[in-house]
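Keeping their order, the protein sequence lines are chains X and E. Per my numbering, residue 1 is the first one in the first sequence, and the count goes up by one each step. Per my numbering, residue 1001 is the first one in the second sequence, and the count goes up by one each step.
Some clues are possibly wrong.
Claimed, not checked - DSSO-like cross-link-like pairs, simulated, lysine-lysine; straight-line CA separation at most 27 Å:
| hint | chain 1 | residue 1 | chain 2 | residue 2 |
| --- | --- | --- | --- | --- |
| 1 | E | K1135 | X | K156 |
| 2 | E | K1156 | X | K253 |
| 3 | E | K1156 | X | K191 |
Just so you know, these hints were derived from the structure itself, not from any lab.
In case you want the letters, here they are:
Protein chains: 2
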Amino acid sequence: MCIIGSSGHYGYALEELSEDFEIAAIAPGVLNEDISHLLFKLERLSLKPRVYENYSEMLKVEKPDVVVINTHFYMNGRILQEVLQMGIHAFVEKPIATNLKDLERIQELYLLLKKEVRFAAMFGLRYKAWFLTAKHIVESGAIGDIRLMNAQKSYKLGERPAFFRKRETFGGTLAWVGIHAIDWIHWISNKRFVSVCALHSRMANRNHAELEVTGACLFELEQEVIATVSVDYLRPEGVETHDDDRLRIVGTKGVLEVTEGRVKLIDEDGTRFVPLTEGGRIFKDFLNCVLGKNECMVSEQQSIYATYIALKAMEAADNHTTIRF
Amino acid sequence: MCIIGSSGHYGYALEELSEDFEIAAIAPGVLNEDISHLLFKLERLSLKPRVYENYSEMLKVEKPDVVVINTHFYMNGRILQEVLQMGIHAFVEKPIATNLKDLERIQELYLLLKKEVRFAAMFGLRYKAWFLTAKHIVESGAIGDIRLMNAQKSYKLGERPAFFRKRETFGGTLAWVGIHAIDWIHWISNKRFVSVCALHSRMANRNHAELEVTGACLFELEQEVIATVSVDYLRPEGVETHDDDRLRIVGTKGVLEVTEGRVKLIDEDGTRFVPLTEGGRIFKDFLNCVLGKNECMVSEQQSIYATYIALKAMEAADNHTTIRF
Chain X
1 MCIIGSSGHY GYALEELSED FEIAAIAPGV LNEDISHLLF KLERLSLKPR VYENYSEMLK
61 VEKPDVVVIN THFYMNGRIL QEVLQMGIHA FVEKPIATNL KDLERIQELY LLLKKEVRFA
121 AMFGLRYKAW FLTAKHIVES GAIGDIRLMN AQKSYKLGER PAFFRKRETF GGTLAWVGIH
181 AIDWIHWISN KRFVSVCALH SRMANRNHAE LEVTGACLFE LEQEVIATVS VDYLRPEGVE
241 THDDDRLRIV GTKGVLEVTE GRVKLIDEDG TRFVPLTEGG RIFKDFLNCV LGKNECMVSE
301 QQSIYATYIA LKAMEAADNH TTIRF
Chain E
1001 MCIIGSSGHY GYALEELSED FEIAAIAPGV LNEDISHLLF KLERLSLKPR VYENYSEMLK
1061 VEKPDVVVIN THFYMNGRIL QEVLQMGIHA FVEKPIATNL KDLERIQELY LLLKKEVRFA
1121 AMFGLRYKAW FLTAKHIVES GAIGDIRLMN AQKSYKLGER PAFFRKRETF GGTLAWVGIH
1181 AIDWIHWISN KRFVSVCALH SRMANRNHAE LEVTGACLFE LEQEVIATVS VDYLRPEGVE
1241 THDDDRLRIV GTKGVLEVTE GRVKLIDEDG TRFVPLTEGG RIFKDFLNCV LGKNECMVSE
1301 QQSIYATYIA LKAMEAADNH TTIRF
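Chain X extracted, bound-state conformation (with noise of 0.2 Å):
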C-alpha cells in the first residue's frame, strides 16, 4: 500500500494495520503539501516507509495493490483517475472529485473498469455505531416510509491551511462537509435526488477567504420526500468536542434522530434511546472488497453520486438557484 498527501483522513488506513498490507511508500500529492504529521505518526508506530517527492515516481517504482490518496482536495480526483488507469484500487478522500469534469471521466472509468479495480471514498461516518443503528432501524421498517430528513453538520473552524482558503484547492465547504450528510440521506433513504437548492456564505470566517462557514440545501428527493442540511464552521472551539453531527429522519411511524453518538426513537410507544449496534471500520470493509470477501458498505457509484450531488449543490448554491437532477 502507498498513502499520497496527509491533508485528509488517512487515519482510517493507519487504524487497520495488520500482518495483511504494509504502508510500503508514501509521498506528498502536490509539491507544497506538508505531510510531516503523517511521517510522525508512523514513526511512532515504528514504521519507516520509503519516502518519495513525487507520487507517480512512488507508483511506477513501488507498483501498489492500494493506494490511499488524501492530498490538497483538488488533486484527489485527478490522482484518482491516473490510480485507476494503472489498476490501482483506491481509497479515496470525499468528494471523490471537486468539479464536474473530472467526475465525469471518473464515471467513465469507473464503467470501463467494471469493478475489476475498486474504489471507495472515505465516508467513514457511516461505520460509526450510531449510523449504522439509524440505518438498521429504519431498515427494519420501524419508522414507515421516510417522509422528511434533516442533516446538521457543525464544526469547529480553528486555523485551517492555506489550500482552504481558495476556492480551486478546497473546493467548497457544502461539497467538503456537506457532503457528509447528503452521503446520510441517500445512504440511508435509499432515494435519489430530485432538486438542490443551496446558499453559502463566507461571512464571518475569521480570515479564511473564500471558505464558506455557513450553508444549507434544501433537497427534494424521489416519491416527494424532502430533506434539509445546515452546514456550519461555527462550532465553538471551546467545546469539548470539534463535531455536532446529527440526523432527524421524519417517517410514517415514527421518527429517529441521531445527536451526540446516541440514537432516539419516537414512535407509538413514546420516546427512548435505543441500544446502539456495534460500529464499523470502513478502511477494513474496503480491504476485503478488494480481496473480494465482500463488497464494501460504500460503493462506488454511491461515492460518485454523493460528490455528484454534493457540487450541484455548490453550483446552485453559488448561483442561487435551484438545480433539477
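Given the coordinates of chain X, assemble chain E onto it according to the supplied hints.
Leaving out everything else, chain E in the frame of chain X:
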C-alpha cells in the same frame, strides 16, 4: 369583547379573564363552524355571553372594543378587514390572511389607521419562557452575530376537521404551522428575508386530502444570514407532547438551542442549559397595548410581514421555485 369563531387559539383570551374586560358575545365566523367546545369552556367558567348566528350582526349590536378572530382560516383575514374598518381592535389568528389580496388590503388599512386601531397575530409561542429566554440571550450579545438558524415545527396530525383538508379553507401547512418558525426567525434575528425556496408534500397525510404533512423552507436573510424551516404533521400520536418545537441559532460567538422547553447555550465555556426567564402572556400584552399602556411585543407590522413571508413560502413550494423579496 366578542369572540368570532373557535377554530384557533381563542384560549389565549380565556386565560386572561379579569375584571378589566367582559366577554359580551360570541358567534361563528362561517355558517358551518362548530363552536360547541368554546361554549362548553365558557360554561365551565360560569360565563354566559350572548350567542349570535351571524358575526356581522353581533358586531353591529354589541359594538365591542376588542374582537378575537379565529374562525376557519380563510375567513380570518376578511373579518379582520371588516373589524378594523369598524374601528374595533383585533386579536387575530395567524396567518392573518390566507391570500395576498386580503393581506394587501390589511396592509392598506394598517397604513390608513395609523395604529389608532390595534391588531396582533396570535404568535403566542413567542411568550413561552424558552423563546423569550432565547431572545434575551441573543440581545445580550452572548452568541455574537447570528449567521445561521434552523427552526423546526413537528405536530401530531390526529383527525383534523374538514376545513383543514381543503387548501382554499385551510391555507396550507407552511402558512398555518410554518409561520411560527418564520416569526421566530424574523423576531429573534431582527433581519428581513431576501429569498425563499420551499417544498411541501401531501403524501402520507392519512386521508387529509389537500393537507400537506411535510414541508421545508430555505431562507436567505439580510447580511447573508441563512435559515431553514422544517415542518411536519408526522409526530407519533403516542408521544407525551403535541409538538416538538425547536430553534437553533448559530452565531459568531456561540450556538443557542431551544428544544423541549429548554435553552442550551454552547460557547467558549462549553455546553450548558441556561435558567429560563419568566414566560409572558400574549393576550394580556395585547390588551395593555389597546389600553395604551405599552406596545404589544407582536406588532402589526410583524403580523403582516410573517404572514407575507409564509404565503410566499407556500407559493415557492407550490411552484417549485425560488422567490426573491
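Outcome of the hint check:
| no. | hint | verdict |
| --- | --- | --- |
| 1 | E:K1135 / X:K156 | holds (24 Å) |
| 2 | E:K1156 / X:K253 | holds (12 Å) |
| 3 | E:K1156 / X:K191 | holds (25 Å) |
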